[in-house]
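S.K.: Using the sequences plus the hints, can you model the full thing?
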Amino acid sequence: MGCAFRDRSFCPIPKPSSPVSDSALPILLLQIVLGLAGLVVAGYGLVSSASELASRLGMSPIMIGLTIVALGTSLPELLVSILDNLNPNTSGTLAIGNVVGSNIANIGLILGLGSLIAALPIQRRLLTREYPAMLLVSVVLVAFSIDGTVMPREGAILLAGLAIFMTYSIAFGRAHPEAVESTDDSDFWQRFGRWGLTAVLVVLGFSLVGMPLSADALVNGAGGLARLFGISELFIGLSIVAIGTSLPELATTLIAIRQGEREIAVGNLVGSNMLNILAIVGITSVVKPMPAPVSMLAFDYPIMLLSSALPFLVVWWTGFQARRSVGIPLVCLYAVFCWSVVLNATGRWHWPPEGLPLFEAVARLADGI
Numbered sequence: 069m070g071c072a073f074r075d076r077s078f079c080p081i082p083k084p085s086s087p088v089s090d091s092a093l094p095i096l097l098l099q100i101v102l103g104l105a106g107l108v109v110a111g112y113g114l115v116s117s118a119s120e121l122a123s124r125l126g127m128s129p130i131m132i133g134l135t136i137v138a139l140g141t142s143l144p145e146l147l148v149s150i151l152d153n154l155n156p157n158t159s160g161t162l163a164i165g166n167v168v169g170s171n172i173a174n175i176g177l178i179l180g181l182g183s184l185i186a187a188l189p190i191q192r193r194l195l196t197r198e199y200p201a202m203l204l205v206s207v208v209l210v211a212f213s214i215d216g217t218v219m220p221r222e223g224a225i226l227l228a229g230l231a232i233f234m235t236y237s238i239a240f241g242r243a244h245p246e247a248v249e250s251t252d253d254s255d256f257w258q259r260f261g262r263w264g265l266t267a268v269l270v271v272l273g274f275s276l277v278g279m280p281l282s283a284d285a286l287v288n289g290a291g292g293l294a295r296l297f298g299i300s301e302l303f304i305g306l307s308i309v310a311i312g313t314s315l316p317e318l319a320t321t322l323i324a325i326r327q328g329e330r331e332i333a334v335g336n337l338v339g340s341n342m343l344n345i346l347a348i349v350g351i352t353s354v355v356k357p358m359p360a361p362v363s364m365l366a367f368d369y370p371i372m373l374l375s376s377a378l379p380f381l382v383v384w385w386t387g388f389q390a391r392r393s394v395g396i397p398l399v400c401l402y403a404v405f406c407w408s409v410v411l412n413a414t415g416r417w418h419w420p421p422e423g424l425p426l427f428e429a430v431a432r433l434a435d436g437i
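Heads up: take any position in the sequence shown, counting from 1, add 68, and you land on the numbering used here.
Worth flagging that the hints you see were computed from the coordinates, not collected in a lab. Heads up, some of the hints might be wrong.
Quick list of the computed label-pair ranges, beta carbon to beta carbon [to be verified]:
(1) A267 <-> D215: 41 to 51 Å
(2) V410 <-> L184: 21 to 31 Å
(3) D215 <-> L154: 12 to 22 Å
(4) G261 <-> A403: 48 to 58 Å
The beta carbon of each residue, even a glycine, is placed where N, CA and C say it ideally should be.
M.R.: This is the structure in structure tokens:
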């Protein structure tokens with residue numbers, strides 16, 4: 069069996085060997101915490117200020133929601149992925165771990181918790197169009213990862229899919245403006261009076277500077293933490309970074325439920341998962357071939373596909389609402405995923421077991437590509 073199945077590393081790429089002392093642990097943890105916090109704050113500041121600026125320039129609220137809000141909320145993950153992929157001191161697996169971990173968290177954790185709090189109505193259109201499209205995009209990512217790397221040509225295909233998705237979203241948003249998420253912080257900016265435009269530009273500038281700095285701190289902290297404990301950066305991406313970068317989606321979903329906009333909540337999660345793959349993996353792999361450990365085919369990718377398909381099947385047969393019958397298995401599935409990632413990273417459990425024919429075949433296929 070290929071060595072990729074014995075741990076969560078990407079075999080053709082050697083792990084960084086630069087030593088990290090135990091005394092660096094507080095600094096590394098501080099880098100991760102500040103990096104995540106900076107991404108959340110700068111990300112919100114960027115979306116809010118850019119939306120206000122676009123509104124002052126005459127852009128409609130619908131177009132702001134479909135472009136600036138939709139793409140702006142994915143920018144933190146994009147910066148983390150690109151910087152990690154270009155960083156010579158990391159293996160580059162933090163990027164794919166972040167994307168896959170975020171997609172699993174969006175459905176397993178956020179949609180699961182949301183379904184436990186309240187019944188979330190799901191439109192038939194979402195189940196017949198966007199949801200199947202999300203499943204298709206997820207399968208395409210798995211197919212592109214079979215050889216252990218997402219190549220630039222494959223990233224270009226994902227970007228073509230992004231263009232199609234954005235074109236469809238804009239057309240649908242114009243026809244159904246009530247289904248579009250927007251940001252209305254005009255009352256906040258009006259507090260600055262005649263200095264409102266200046267405040268917008270200042271926040272926009274600080275956000276544009278703060279986001280790459282925060283992303284760089286997060287990547288360096290995560291890479292150092294992985295080297296210190298001798299674990300894969302993929303584990304950091306699947307767990308800590310994925311949960312941290314999914315916090316805005318969690319907050320958005322809870323706010324939407326509280327405000328009665330439950331249909332938008334589910335649509336936002338589906339759209340976020342599609343953007344994670346089409347935009348983040350697409351752009352990152354075009355910039356530089358993106359490592360995608362073959363070991364993910366054994367567990368992480370199947371969990372991503374299962375967590376995506378499970379609510380689709382249950383909701384389709386039980387009525388167009390995500391209820392506790394959806395939320396309980398999703399949260400349990402996410403808990404099992406997190407526990408297995410920790411056990412695998414600490415060497416207490418290995419998956420798949422030796423001699424399992426399916427994964428032996430996948431390993432031979434990957435080795436031959």
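S.K.: Against this structure, judge whether each hint is valid.
M.R.: Each hint tested on the structure:
no. : hint                      : result
1   : A267 <-> D215: 41 to 51 Å : holds, 49 Å
2   : V410 <-> L184: 21 to 31 Å : holds, 23 Å
3   : D215 <-> L154: 12 to 22 Å : holds, 21 Å
4   : G261 <-> A403: 48 to 58 Å : holds, 50 Å
The structure shown violates none of the earlier numbered hints.
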